[in-house]
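Enquirer: Respectively, the protein sequence lines represent chains A and B. Counted the way the working numbering counts, the first sequence spans residues 5 to 205. Counted the way the working numbering counts, the second sequence spans residues 36 to 204.
The set of hints was computed from the structure by calculation and includes no laboratory data. Treat the hints with caution; some may be incorrect.
Distance condition first, Cα-Cα at most 30 Å in a straight line; then the derived DSS-like pairs of lysine-lysine [what the hints assert, rightly or not]: (1) A:K82 with B:K90; (2) B:K157 with A:K69; (3) B:K123 with A:K112; (4) A:K48 with A:K112; (5) B:K175 with A:K49; (6) A:K7 with A:K112.
This structure is a prediction, so every number in the text was calculated from the model and none was measured.
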Amino acid sequence: MLKFIRCDKRGDISWLMSQIALLIAVGILLASISSLAFYSDWQKKAEINVIATEIVKTINAVEVKDYPGQIKYMLPDKNYDYEVFLSTDYIIVKRYDGRISKEIVAMKELHTRPWINPPMSGGKGADGIYNYFGSIYGIRHNGASPDSKLPAGVLEGEMEIMANELAKNPFKVDCEKPLYIEKIFIFVEGGNEKSLVIIYQ
Amino acid sequence: MKNRLLLFINDRKGISEEFTSLPALAVVMIGFALFFAMMAGVYYQHNERVKSLDKYETANFVLEKLTSTNGLLAEKGIIVGGVIDKEKFEIDGSKQHVIKTMIEESGIVGIEFGFKLVYWEKGEKQPPIEWTNIPDNVDKAAASKQVAVRLNDAEIVPGVLTVIIWEVD
Numbered sequence: 005m006l007k008f009i010r011c012d013k014r015g016d017i018s019w020l021m022s023q024i025a026l027l028i029a030v031g032i033l034l035a036s037i038s039s040l041a042f043y044s045d046w047q048k049k050a051e052i053n054v055i056a057t058e059i060v061k062t063i064n065a066v067e068v069k070d071y072p073g074q075i076k077y078m079l080p081d082k083n084y085d086y087e088v089f090l091s092t093d094y095i096i097v098k099r100y101d102g103r104i105s106k107e108i109v110a111m112k113e114l115h116t117r118p119w120i121n122p123p124m125s126g127g128k129g130a131d132g133i134y135n136y137f138g139s140i141y142g143i144r145h146n147g148a149s150p151d152s153k154l155p156a157g158v159l160e161g162e163m164e165i166m167a168n169e170l171a172k173n174p175f176k177v178d179c180e181k182p183l184y185i186e187k188i189f190i191f192v193e194g195g196n197e198k199s200l201v202i203i204y205q
Numbered sequence: 036m037k038n039r040l041l042l043f044i045n046d047r048k049g050i051s052e053e054f055t056s057l058p059a060l061a062v063v064m065i066g067f068a069l070f071f072a073m074m075a076g077v078y079y080q081h082n083e084r085v086k087s088l089d090k091y092e093t094a095n096f097v098l099e100k101l102t103s104t105n106g107l108l109a110e111k112g113i114i115v116g117g118v119i120d121k122e123k124f125e126i127d128g129s130k131q132h133v134i135k136t137m138i139e140e141s142g143i144v145g146i147e148f149g150f151k152l153v154y155w156e157k158g159e160k161q162p163p164i165e166w167t168n169i170p171d172n173v174d175k176a177a178a179s180k181q182v183a184v185r186l187n188d189a190e191i192v193p194g195v196l197t198v199i200i201w202e203v204d
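Modelling step: build the complete structure from the supplied sequences, incorporating the hints.
Expert: Written out as structure tokens, the structure is:
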């Protein structure tokens, strides 16, 4: 066999080998280009990026309201599974069907500090928070009106606790349930009313 | 020339074969390279566009939030009843700490901002009043809205308020 190759004087073997080498090179090049263009996970990441952007936009829309109000936000129903996490500064959306790396993550920065999953009692939303403060500081200091102002520093303390907690364990949103985004006002001693956006399920 | 062509066609040794497939392969590869470069370019442009749109949306959000009836400018008495008080808006270089405190109290995190106010007096555009904290050498985005500017008790003139945002290092 080797002798046959070495003794070839017509160039057949050289031709055959160079053709095979060329075919392999073209195959590798085409495979790498098509894998980059069509089989990478950038489309999947773009899909969850849109979900994160929509949540941020909804939070911002509530944030700029001049009056108290609530939005019931349903997360979009997709043909793939995804998870949503709310942290102090970020909205994180994850899916686990990537080709290169299983986990695909999209993050969007929040430029405000909403109060995520606040403590509430005897109701939901603003009433739940007023009741919660009322149960600790009394009904005359629940922050619901200018006549019942919350003691100074309490709100900052609660927000600090929330920030520390969320930094360690971001709030996982149940994608089947609606997300309530609400603007509330809390009256605080020694100052004007504080406007806050609360997020809960 | 004719003899050469005949030699090329009648080649039975397979030597000229390679010289015909090489240009064909080269053309295909150049085509793919161009296609890939074009796709990469479109993807890059799209990404840049999304990023810049994000920045302008953030600038608009900051402007809307700070100028709302319960926003920072209303809290500080700079905006009263939807009208900007020119005297209070002007914060000179010696009051950098005032700007710093206001940014901290604004509730905006992760970005910094500054304001620029342009107004017209007796039909003439006046030199802009700019917050002194706006840096020159950073990537910025801006959003504007029309406002009313109170010059004194008797005079309220039209103006444009611009918020300029940039990333914190």
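Enquirer: Each hint needs a verdict: does it hold in this structure or not?
Expert: Hint check results:
1. As the CA atoms of K82 (chain A) and K90 (chain B) are separated by approximately 27 Å, the hinted pair is consistent with the 30 Å bound.
2. A distance of roughly 34 Å separates the Cα atoms of K157 (chain B) and K69 (chain A); the hinted pair therefore is violated under the 30 Å criterion.
3. Straight-line distance between C-alpha atoms of K123 (chain B) and K112 (chain A) comes to about 35 Å, which puts the hinted pair past the 30 Å bound.
4. A threshold of 30 Å between alpha carbons decides the hint, and for K48 (chain A) with K112 (chain A) the separation of about 16 Å falls inside it, so the pair holds.
5. Distance restraint check for K175 (chain B) and K49 (chain A): the Cα-Cα separation of roughly 26 Å lies within the 30 Å cut-off, and the hinted pair is therefore satisfied.
6. For the hint pairing K7 (chain A) with K112 (chain A), the CA-to-CA distance comes to about 67 Å; that exceeds 30 Å, so the pair is violated.
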